[in-house]
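Using the supplied hints, reconstruct the complex from the two chains, each of which is provided in its own coordinate frame.
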Amino acid sequence: MSDLRFTKEHEWVRVEGSTATVGISEYAQEQLGDVVFVELPSVGADVEAGGDAAVVESVKAASEVYAPVSGKITDVNGDLEASPGLVNESAEGDGWFWKMELSDPDELGELMTPDEYKTFLEELD
Amino acid sequence: MHAEIGAKFVPFAGYDMPVQYPLGILKEHQHTRAQAGLFDVSHMGQVRLLGPDADSLLEQVLPGDISCLEPGHLRYTMFTNDRAGVVDDLMVTRRDDDLFLVVNAGCKDNDVRLLRGALGESRVDYVQDRALLALQGPAAASALERHVPGVSSLQFMTATSISIGGADVWISRSGYTGEDGFEMSVPNPAAEEVARLLLAEPEVEAVGLGARDSLRLEAGLCLYGNDLTQETTPVEAGLTWTISRRRRDAGGFPGDDVIRKQIAEGPTRRRVGIKPEGRAPARAHTPVYVGDKHVGEITSGGFGPTVGGPVAMGYIDREFAKAGTALELEIRGKRHAAAVEKLPFTPHRYAK
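Just so you know, the protein sequences line up as chains R and Z, in that order.
Just so you know, the first sequence maps onto residues 1 to 125 in my numbering.
Just so you know, the second sequence maps onto residues 1 to 352 in my numbering.
Mixed in with the good hints, there may be bad ones.
As the list claims (entries may be wrong) - Listed next, with one range per pair, are the computed distances between beta-carbon atoms:
# : chain 1 : residue 1 : chain 2 : residue 2 : range
1 : Z       : GLU277    : R       : GLN31     : 27 to 33 Å
2 : Z       : GLU319    : R       : THR119    : 58 to 64 Å
3 : Z       : ALA200    : R       : ASP106    : 54 to 60 Å
4 : Z       : GLY6      : R       : ASP104    : 42 to 48 Å
5 : Z       : ARG83     : R       : GLU64     : 35 to 41 Å
6 : Z       : LEU199    : R       : GLN31     : 24 to 30 Å
7 : Z       : GLN230    : R       : ALA61     : 23 to 29 Å
Claimed, not checked - Pulled a few chain R residues facing chain Z out of the computed Cβ check, cut under 10 Å:
#  : residue
8  : LYS60
9  : ALA82
10 : GLY85
Stated by the list, open to error - DSS-like mimics (lysine-lysine), calculated; alpha carbons at most 30 Å apart, straight line:
#  : chain 1 : residue 1 : chain 2 : residue 2
11 : Z       : LYS8      : R       : LYS118
12 : Z       : LYS334    : R       : LYS8
13 : Z       : LYS334    : R       : LYS99
14 : Z       : LYS322    : Z       : LYS334
15 : R       : LYS118    : R       : LYS8
16 : Z       : LYS27     : R       : LYS118
17 : R       : LYS72     : R       : LYS8
18 : R       : LYS8      : Z       : LYS8
19 : Z       : LYS334    : R       : LYS72
20 : Z       : LYS293    : Z       : LYS342
In case anyone wonders, no lab produced these hints; they're calculated from the structure.
Computed from a predicted model, the values in this text were never measured in an experiment.
Ideal Cβ placement from N, Cα and C applies to all residues, glycine included.
Same shape as in the complex, but just chain Z (with noise of 0.2 Å):
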């Protein structure tokens, strides 16, 4: 069906990957700010987790707080290692019947091999017969609305099951690109159909991945393997609010005394939004310097079509991390001017 209706494809963790329609990246990723977008993630690994405990086990793993989240709703989160280093960044439903997991695609079958470490074999099931799919953007309520009368009241990060076009689908409010929308996990034989359907609706365009990651970018989200890593904390990354007051303090994670410890003393670089002046695009591994002292790396960076312009994110020494510190990009061996800006550059619009 992508082919159909004009996709480019690329290679990525062993998918076809849809990377541009032929509206192309900037067209796409302007109609999701201004209408809606529909996104084919299904390469994303979605896990289920069953038996009472899975919260408790789950928290063996990672630092954010699992006993805590009220049924119907989700959370961000990511799994650490010793050195408090992030091996994926996912999200994690309380559904009735399980815990519901969505992880990055080239991080899934290690994930499932972790989380079956942690609460054994029978307990982790991996999902492969859901494919999954955003529906992005300011009228993405009222498009789906037509074919989910209610859905517009679903609150922000809460989920529930609905129907589509006679399909079981499990939808949650949230998404990966700032604008208000909805997630959904849809059973293989029936996402064609549920695609068609909102492609039919006259605000809806598809959208690829290119435009899904400039998206991400001017809303100063993480991209996994860019922007998180083994050699990345969550504290440096600014995703401290992903850790609870009872989880900071009772520990209990992998990395649980590195993240103590750079919460109480700060981190000694942090993850920051970067403006480069002028028009070129730094990005990632460009290196940041203030003077002659290198300071930094670019992490994710491109063009940004809403922000006009290029915009970047990186890991900067926490000296000169503080919004409106003049640095200097080193691209192709000249060095171009740029700021520490306040993330996100484009605000969010999330429905509250």
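Next comes chain R alone, as it looks inside the complex (with noise of 0.2 Å):
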């Protein structure tokens, strides 16, 4: 998973050329708790960097997903429509929320590795 890049909102991204994966922690998912429904955004949405893209609600509460980079949806994860536990059991994998065409990929350089999202963890515990 090294090359997933996280925010400080616990969001992932995984790039490959153009395009790119997002999703939630495996920190945030256990932060969270039981993940009971995810409103995910519209293919062909544009969204910016920081800005509201996604909802996550556990038992608990719904919070918001943000985008980590800008650009425009392309696809989305119908699995987690049937099966929002997916986030729970595989945040940084099979519980990926929706995938997005980057429109300025020099955003990636402000995001965190997998090393310093790490410390950065560490730092808030």
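Following this line, the structure appears as structure tokens:
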């Protein structure tokens, strides 16, 4: 998973070419607890880095998921509709949220590497 | 001890509250419905009212029938204001030497002031040295029976004094989950020991306040501050059953005129169950529409693990409050279909 990049809001991005896959981190799913619903963005929608893109609902509460980078949504993970628990089971794998076309690849430089994110989490505790 | 068994805490009403344990809210909820859950609800207020006329004095500040309450029985009721708004909801037990009240954490200081005003300073004992534990679920009675032989025969909504592990415990057959179960007032020094004894039973798991909320929501029970406030009346809340004929006719409590009028004419809005279609949970304050008409608001909502989908309750204008009425919920700017549903979502399974 060393190809992931993380935000301070606990989203992750994996880039292949000009396409990015986005989800929430293992740490985020642990903090949320049992996920019962995910509201995904519409395919074709433009999102901006740091802007609202999805909502994840646990038994406890609803939380916003922000777009880590700017671009256009090209695909969403339809499996989350019937099985929102995938986010808990595989936050950084099968529990991905959406795919997007990057509009400004330079924004990736703002994100944390897995090691930097790990250090960031340690400082949170 | 909570931290030792892995609780996650959040601050509430000045307390650090155990919201969930390692099982997680979903499994804690399911375990309580399947077997038994132990809840620490020591943040709630415990109050003793003393004196032979405590019952009639208490009736001056609430519409419940306390004078007719039999010894060893408890009753659900609520303090009201002059507009019949609910100031707090509570349980009242008649014991041999006092009336024993359990009130909400967020309201307890205000309740004690109100009670001292009605009964006089010296007749109100604000109990600070006892914890409150709830053991809830279909296996609660069999698990507790091993420590308190005979406790299974305690009737629903009655209470008595028992001993657990040498501690003097006041116990009632009651709860806030819709399941059979018990609530126990335990002296602080013995609370941890009693909790450990119960958690050692194979059926019993520690359950936090997260699951307590989803359990009570499925059971259609009100949360003060959400479903009951100073702006909602017992009649609107569907709690008219807590007000006896004698008290309706004679009045003599804050807001009696409003309550009498609402009973006679029907309230303009009612608390109802609301079942969202689809999977999106509708949280408190979600606006409710029928077409373009704003017809009410959700006051409690979330995911119901036993129902297996979202559940909610809220106040709806009376012409739209009938079970089966199609509603629309506005969640994050989008309309979602829902319908009025009869409460509770999960049938009560009290010991009868």
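Status of the hints after comparison with the structure:
no.: 1; hint: Z:GLU277 with R:GLN31: 27 to 33 Å; verdict: 29 Å, holds
no.: 2; hint: Z:GLU319 with R:THR119: 58 to 64 Å; verdict: 59 Å, holds
no.: 3; hint: Z:ALA200 with R:ASP106: 54 to 60 Å; verdict: 59 Å, holds
no.: 4; hint: Z:GLY6 with R:ASP104: 42 to 48 Å; verdict: 43 Å, holds
no.: 5; hint: Z:ARG83 with R:GLU64: 35 to 41 Å; verdict: 37 Å, holds
no.: 6; hint: Z:LEU199 with R:GLN31: 24 to 30 Å; verdict: 25 Å, holds
no.: 7; hint: Z:GLN230 with R:ALA61: 23 to 29 Å; verdict: 25 Å, holds
no.: 8; hint: LYS60; verdict: 6 Å, holds
no.: 9; hint: ALA82; verdict: 9 Å, holds
no.: 10; hint: GLY85; verdict: 9 Å, holds
no.: 11; hint: Z:LYS8 with R:LYS118; verdict: 21 Å, holds
no.: 12; hint: Z:LYS334 with R:LYS8; verdict: 28 Å, holds
no.: 13; hint: Z:LYS334 with R:LYS99; verdict: 23 Å, holds
no.: 14; hint: Z:LYS322 with Z:LYS334; verdict: 24 Å, holds
no.: 15; hint: R:LYS118 with R:LYS8; verdict: 11 Å, holds
no.: 16; hint: Z:LYS27 with R:LYS118; verdict: 29 Å, holds
no.: 17; hint: R:LYS72 with R:LYS8; verdict: 22 Å, holds
no.: 18; hint: R:LYS8 with Z:LYS8; verdict: 22 Å, holds
no.: 19; hint: Z:LYS334 with R:LYS72; verdict: 21 Å, holds
no.: 20; hint: Z:LYS293 with Z:LYS342; verdict: 22 Å, holds
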